[in-house]
Amino acid sequence: MVDQFSQADGNVLNVTVVVGNPKPASRTRDVGVAVAHACARHFAIADPAINVIELSELSSSLFGWGDPAVAAAKQQVLSSRLVIIASPVYKASYTGLLKAFLDQFGRDELGALATVPLMVGAGPAHSLAVETQLRPVLVEIGASCPTRGLYVLESEIGELESPIAEWMNVWGDALRAVVGCRLDA
Numbered sequence: 001m002v003d004q005f006s007q008a009d010g011n012v013l014n015v016t017v018v019v020g021n022p023k024p025a026s027r028t029r030d031v032g033v034a035v036a037h038a039c040a041r042h043f044a045i046a047d048p049a050i051n052v053i054e055l056s057e058l059s060s061s062l063f064g065w066g067d068p069a070v071a072a073a074k075q076q077v078l079s080s081r082l083v084i085i086a087s088p089v090y091k092a093s094y095t096g097l098l099k100a101f102l103d104q105f106g107r108d109e110l111g112a113l114a115t116v117p118l119m120v121g122a123g124p125a126h127s128l129a130v131e132t133q134l135r136p137v138l139v140e141i142g143a144s145c146p147t148r149g150l151y152v153l154e155s156e157i158g159e160l161e162s163p164i165a166e167w168m169n170v171w172g173d174a175l176r177a178v179v180g181c182r183l184d185a
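Residue numbers 1 to 185, in full-length UniProt numbering, belong to the letters of the sequence shown in order.
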């Protein structure tokens with residue numbers, strides 16, 4: 001059987017991490033990239049193409065329509081095989097910066113693109129925000145979210161391997177299956 005992620009046949013794992021933190025080079029970015037690498041390891045991909053979109057760099061352009069930099073960021077998302085949408089918890093939800101970017105997509109525009117909702121928060125009180133706040137808007141714009149959203153506590157950031165591995169042990173195969181369907185399309 002040929003592995004559906006074989007780089008020999010051109011099916012390279014192209015992952016985009018969208019970072020909704022208003023601070024560039026944030027811990028949210030670090031967690032998103034760590035999740036992208038964990039997915040690649042679970043999918044047995046040695047050299048994934050991981051792209052990061054820092055929405056903080058697009059902030060002034062997100063509130064209008066037709067900006068070329070925003071259009072390029074959208075195209076990067078749409079050309080990916082896996083997208084990780086990462087946001088800090090901000091007032092029990094995701095950031096307005098991320099909302100402004102997601103509003104640039106039309107209904108179902110993601111076309112069943114495998115997507116991981118990811119949030120980073122200070123405490124467990126808002127752990128369901130990833131499911132109740134972020135997932136619904138992703139589904140509305142056409143994301144396929146085959147996993148439970150990942151919520152990482154700030155206190156876990158120094159030791160990310162354990163919480164990400166626990167999440168991947170439960171959800172990695174489901175995510176791989178959805179990413180694989182995208183490869184077959």
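Note that these hints are calculated values from the structure, not bench results.
Wrong hints could be hidden among the right ones.
For each label pair, taking beta carbons as the anchor points, the in silico distance ranges come out as [to be verified]: (1) Ala92 - Ser155: 31 to 41 Å; (2) Gly64 - Ile157: 12 to 22 Å; (3) Ala71 - Val139: 16 to 26 Å; (4) Gln75 - Pro124: 35 to 45 Å; (5) Asp67 - Pro124: 19 to 29 Å; (6) Glu131 - Glu154: 30 to 40 Å.
The list that follows gives simulated cross-link-like pairs (lysine-lysine, DSSO-like), each with its CA atoms no further than 27 Å apart [said to hold, decoys possible]: (7) Lys91 - Lys74; (8) Lys99 - Lys23; (9) Lys23 - Lys91; (10) Lys23 - Lys74; (11) Lys74 - Lys99.
Glycine included, every Cβ here is placed at the ideal spot set by N, Cα and C.
Tested hints:
1. Checking the proposed 31 to 41 Å range against Ala92 and Ser155 shows it is violated: the Cβ atoms sit about 19 Å from each other.
2. A hinted range of 12 to 22 Å is violated for the C-beta pair Gly64 and Ile157, which are about 34 Å apart.
3. Checked against the given bound of 16 to 26 Å, the beta carbons of Ala71 and Val139, roughly 23 Å apart, stay inside it.
4. Here the CB-CB span from Gln75 to Pro124 is close to 37 Å, well matched to the stated 35 to 45 Å.
5. For Asp67 paired with Pro124, a C-beta distance near 37 Å fails the hint of 19 to 29 Å.
6. Here the CB-CB span from Glu131 to Glu154 is close to 19 Å, at odds with the stated 30 to 40 Å.
7. The suggested pairing of Lys91 with Lys74 holds, with an alpha-carbon distance near 26 Å, which does not exceed 27 Å.
8. In summary, the hint linking Lys99 to Lys23 is supported, as the alpha carbons are separated by about 15 Å, within the 27 Å threshold.
9. The hinted pair formed by Lys23 and Lys91 meets the criterion: a straight-line CA distance of about 16 Å does not exceed 27 Å.
10. Using a Cα cut-off of 27 Å, the hinted pair Lys23 and Lys74 holds, with the two alpha carbons roughly 20 Å apart.
11. Annotation: proposed proximity of Lys74 to Lys99 holds, straight-line Cα distance about 13 Å (limit 27 Å).
Violated hints, in rising order: 1, 2, 5, 6; the structure is consistent with all others.
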